[in-house]
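Chain by chain, the residues run as shown.
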Amino acid sequence: MNNYVLIFIIVAYLAFLFLIAFWAEKNSKSKWVNNPYIYVLSLAVYCSAWTYYGSVGIASQSGISFLTIYLGPVMSLPLWILVMRKVIRISKQHKISSIADFISLRYGNNRFLGALVAIICVFAIVPYISLQLKAISETFEIITDDTSYVSTSALDDSTFYISVLLAVFIAFFGTQATDASQRRKGIMTAVAVESVLKLAFFLIVGIYITFYLFDGTTDIYQQASTLENFKKITSFNGLESGFNWLFTILLSFFAIFLLPRQFHVSVVENERERYLKKAIWLFPLYLLLFNVFVIFIAWAGNLTLVDNTVNHDYYTLLLPLYHDNLVLAILVFLGGFSAVISMVVVSTLALSTMVSNNLIIPYGFLDKFIKGNPEKNANYIKNIRRISIFTLIIVAYFFYVNFSYELSLFSIGLIAFAIIAQLAPSFFIGLFWNRGSAKGAVIGMVTGILVVIYTLILPFVVNVLTGSNTLVDEGLLGIKMLKPYELFGISFLSPEAHAFFWSILLNTFGYLTFSLSSKGNYRERNYAEMFVNSNNYANLQEGAFVWKGEAYVSDIRNVLNRFLGEERTERALNIFNVKYGVSKREEMADARLINFSEKLLTGSIGSASARILIGSVAKEEPVSLLEVLKILEESKETITINKALKEKSEELTELTEQLKTANSELLIQDRLKDEFLDTIAHELKTPITSIKAASEVLTEEDDMPKELKDRFLDNIVTDSDRLARLVHNIMDLEKLSNGRQELVVQINEINETIQKAISGIEHIAQTKGVEVIHQRGLSIYVSYDEDRMLQVLTNLLSNALKFIAPTTGNILIIAKEKQDIVEIAIEDNGKGIPKEDMNYIFDKFYQSKHQNIKKPIGSGLGLAISKKIIEGHQGKIWIDKKYKKGARFVFTIPK
Amino acid sequence: MKKILIVDDEPNIVMSLEYTFKKKNFEVFIARDGSEAIDIAESSIPDVILLDIMMPNVDGYETLKKIKESTNLKHTKIVFLTAKNKATDIEKGLQLGADKYLTKPFSVKKLVLEINELLDKN
Chain X
1 MNNYVLIFII VAYLAFLFLI AFWAEKNSKS KWVNNPYIYV LSLAVYCSAW TYYGSVGIAS
61 QSGISFLTIY LGPVMSLPLW ILVMRKVIRI SKQHKISSIA DFISLRYGNN RFLGALVAII
121 CVFAIVPYIS LQLKAISETF EIITDDTSYV STSALDDSTF YISVLLAVFI AFFGTQATDA
181 SQRRKGIMTA VAVESVLKLA FFLIVGIYIT FYLFDGTTDI YQQASTLENF KKITSFNGLE
241 SGFNWLFTIL LSFFAIFLLP RQFHVSVVEN ERERYLKKAI WLFPLYLLLF NVFVIFIAWA
301 GNLTLVDNTV NHDYYTLLLP LYHDNLVLAI LVFLGGFSAV ISMVVVSTLA LSTMVSNNLI
361 IPYGFLDKFI KGNPEKNANY IKNIRRISIF TLIIVAYFFY VNFSYELSLF SIGLIAFAII
421 AQLAPSFFIG LFWNRGSAKG AVIGMVTGIL VVIYTLILPF VVNVLTGSNT LVDEGLLGIK
481 MLKPYELFGI SFLSPEAHAF FWSILLNTFG YLTFSLSSKG NYRERNYAEM FVNSNNYANL
541 QEGAFVWKGE AYVSDIRNVL NRFLGEERTE RALNIFNVKY GVSKREEMAD ARLINFSEKL
601 LTGSIGSASA RILIGSVAKE EPVSLLEVLK ILEESKETIT INKALKEKSE ELTELTEQLK
661 TANSELLIQD RLKDEFLDTI AHELKTPITS IKAASEVLTE EDDMPKELKD RFLDNIVTDS
721 DRLARLVHNI MDLEKLSNGR QELVVQINEI NETIQKAISG IEHIAQTKGV EVIHQRGLSI
781 YVSYDEDRML QVLTNLLSNA LKFIAPTTGN ILIIAKEKQD IVEIAIEDNG KGIPKEDMNY
841 IFDKFYQSKH QNIKKPIGSG LGLAISKKII EGHQGKIWID KKYKKGARFV FTIPK
Chain A
1 MKKILIVDDE PNIVMSLEYT FKKKNFEVFI ARDGSEAIDI AESSIPDVIL LDIMMPNVDG
61 YETLKKIKES TNLKHTKIVF LTAKNKATDI EKGLQLGADK YLTKPFSVKK LVLEINELLD
121 KN
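Protein sequences, first through last, are from chains X and A.
UniProt numbering applies: residue 1 is where the first sequence begins, and numbers increase by one.
UniProt numbering applies: residue 1 is where the second sequence begins, and numbers increase by one.
Hints in this document: simulated from the structure, not taken from any laboratory.
Chain X regions said to be covered by chain A (calculated; three or more residues, Cβ under 8 Å):
hint	region
1	694-706
2	713-724
Simulated crosslink set (EDC-like; lysine to aspartate or glutamate; CA at most 16 Å straight-line):
hint	chain 1	residue 1	chain 2	residue 2
3	A	Lys24	X	Glu701
4	A	Lys86	X	Glu675
5	A	Lys22	X	Asp703
6	A	Lys86	X	Asp678
7	A	Lys24	A	Asp120
8	A	Lys3	A	Asp47
9	A	Lys109	X	Glu696
10	A	Lys23	X	Glu700
11	A	Lys109	X	Glu701
12	X	Lys685	A	Asp9
13	A	Lys110	X	Glu696
14	A	Lys74	A	Asp99
15	A	Lys110	X	Glu700
16	A	Lys22	X	Glu701
17	A	Lys23	X	Glu696
Ideal Cβ placement from N, Cα and C applies to all residues, glycine included.
Chain A extracted, bound-state conformation:
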């Protein structure tokens, strides 16, 4: 079973994502901000992390940097899922090493396809 970590501070969005990925047979972990996300990721070693950028305390970019430093998480795919859709934001996200950069609002169906495609590559 694939493991997914959803990092977002909006409970309503998290609820929809959690329901959808559970339906698709993912083991779902949830974090409400960056620092929580790193802890959970270290302990659960997910296959993919869905990462928001605008969050309280530690933002998505910082979180990504920390994850990249961790040897345990070097096979983990990182997907940004954020409302920030300016070209500079996207460029920054990909430069930092994200595997995908998806923008809100998103289509649930498409999101699942994208994630599966990313995981099937390996």
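Chain X on its own, in the form it takes in the complex:
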């Protein structure tokens, strides 16, 4: 095929991806861009050219071990809810933009650690990218059948131009915002589309080979079983092979979390936590579909392409070509091309962020930023990233040109995995163990990397440079124990599994040992606590941040201005003030503002740089570890206490209301009490005045006639009686009011009692010439204190007697049984009770509106006492307001 046609197809395809990315950026709010499926498909960036071509190569030569690379991720997915959700939550809260930033922040914004992680990632991934470029170049050659042509310089190598185009794509869509923690919806949508295409094309070619070229799976199996190496590639070789499997699965298990591109798509680009739930079952399904036909394509390739010179990796492409199906071959090519560019794009993007935020900016550009203006700074940051992107791609390209002819996709991929796995101890253990320290992390990582270099990379480099295998065969300085592939005599593992085993063992050991022996500074412990207990602090990460020192808000504002510009800074600080209820006029910054500002900057320049920048304007004081732990403990308690406080405050408000009501009632009671005392005093003074005056008159006058003398003495006696009665009533009322008077309740017949009361006043009635009529019905037996009942009846009868006219007056008394009560009514034909007094007549404190008008019934204690007695019997007493002929008092007692 003419290579210009293919170039045209490639360019058209790239243009298509540009358009998709461009459209997604424009419609970033659209539901086509924001949905869990885009997220799950972007995770499939895991399936690179290695999956697309390499798996088939491995399957054709070493059997099903290619599956280990997918078993790791599939097995890890159930853990995502536990681990990934935590990582996502923390990353969002702290605006983390890469795994380097994540690890650096966990160990207290450790600048060196961030840089180390960034270097490790570049070291691992750049060769990996170059292998992907190699795949493009080689498949390009296969399709154009141009093997005779060997490019002599980069300028006439199509792969070089494709690389540059990719760099432009990444730089354009990847650096739209200065804040690297912001999502790149354009790139992600393009990656998702590519994921669909690469899977679809791979399935098409799989079906074509299995069902068109062969007669289904059974046919391929039967034919392949006749091949000489069939047994070897389909069997499982005992325990040793089992260890290889185990370690390779573990390797890919770590890779799905730690590969910069995986961290980028699963954490940084995650829009909502709940997308994880879709990912847990959809992503394994995707991987399963991708692997269905691998083994059949491999067998078909082994059967069809017997020529040993062909690269097994490219069976997928070679098979359609062998059958002259160019269209299908181009589809396969585009599928592989998709797998390559999505991997290259996301990896380069993730690496460039790390390089700029964790390597370049914190080491050397901070001073420049402090002097620059916001626009300049934003451009600076973007340019640093753009230059990083181009540099990374170019370096990867030259690595491919000069180095990678020797290596298969599978082995370079595994080397990258083994290097990246060195982040695992500090990442995973640090997430759940708060003692993990920066020192432990650095030492563990460096040890691990050195082991990987010695056991995996050094032999390869030595071999390439000198062409000799003595290092591998005889060990360093001829010491057998130090054979790179068989360290300390472990000879049964594949080089990659072997390197992984030793490196991760020593790495973990170093990490644990040095973490236990070093305490780390307070900031480290602070973040350790926040990461490990992220759930506890979910709502108060700000509260969990410990900081002591002195900083002016205006200084911090200046720093923010340089990066965010005045408008955004103003907006951010407004949000801060509103969120935390901090006054705008506050001059000194507190821990929350420091934390808030660091977070604002983290997305743009990385957490370590953010800390350094804010630190440059804030005088920080060391905080003791004890204090950190105390504050953290307090923040945890604060949540509970705040809740309790809110409840208490509501209770208090209610209580205050009740108290207010009670108080105003008390005030009324108090006033009534005063008035009552006034009335009582007045009532007591009247007979005393009379007695005193009469006594004086009697003493002065010796010659008073006996008749007159007797009248004065008589007055003294009546007034003394009146006084005694008054005192008795007051005491009685008090006793009844305080409940100190116990009732002697017995079953009595009410008509009998009424009769007794009438006979008590009969004498007075006869004197006045009035009638007291008792309408007697059936006997009614009911429980009450008879003496007290007599007191009530007598009181009511006496009152009635007082107000009826002589001779014409009459009183009627009736007792009636009504359901569960007994009702007694006393009616008279007197002048009745004034309307305004009706409501208050039973009130002992009551004085009518005209305070100085004497009420007809004196102090009214009789009625007050009667009311208390009836209430003591759980009864009621009232005046019948409808009764117009005179007064009608009614009371009830329950049966």
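The hints should help you fit chain A onto chain X, whose structure is shown.
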């Protein structure tokens, strides 16, 4: 002979006062409440009125106001004789124009002295 009007609703107290002032050569008039007092005062024009405050129908303060309105009674002295002894009550009584404010229970001897002193001023 000086004329005195005793206004009180307590017959026993009135009896002692009536006896005492008659002995001291006063012409004694008696009223049992405020409205009665005004009528009797208008007809008898007493030199002094002994006025209770807590009374049925019309109280002492109201009675005093009515008396003050009457031109016939502008030379009549008014003395409150009451059990109400709070400072606010006394102040109110004097503000309304009473010449004296005496409290119950009282000493008969002292009461007579006070009344005489009041009448001797003129």
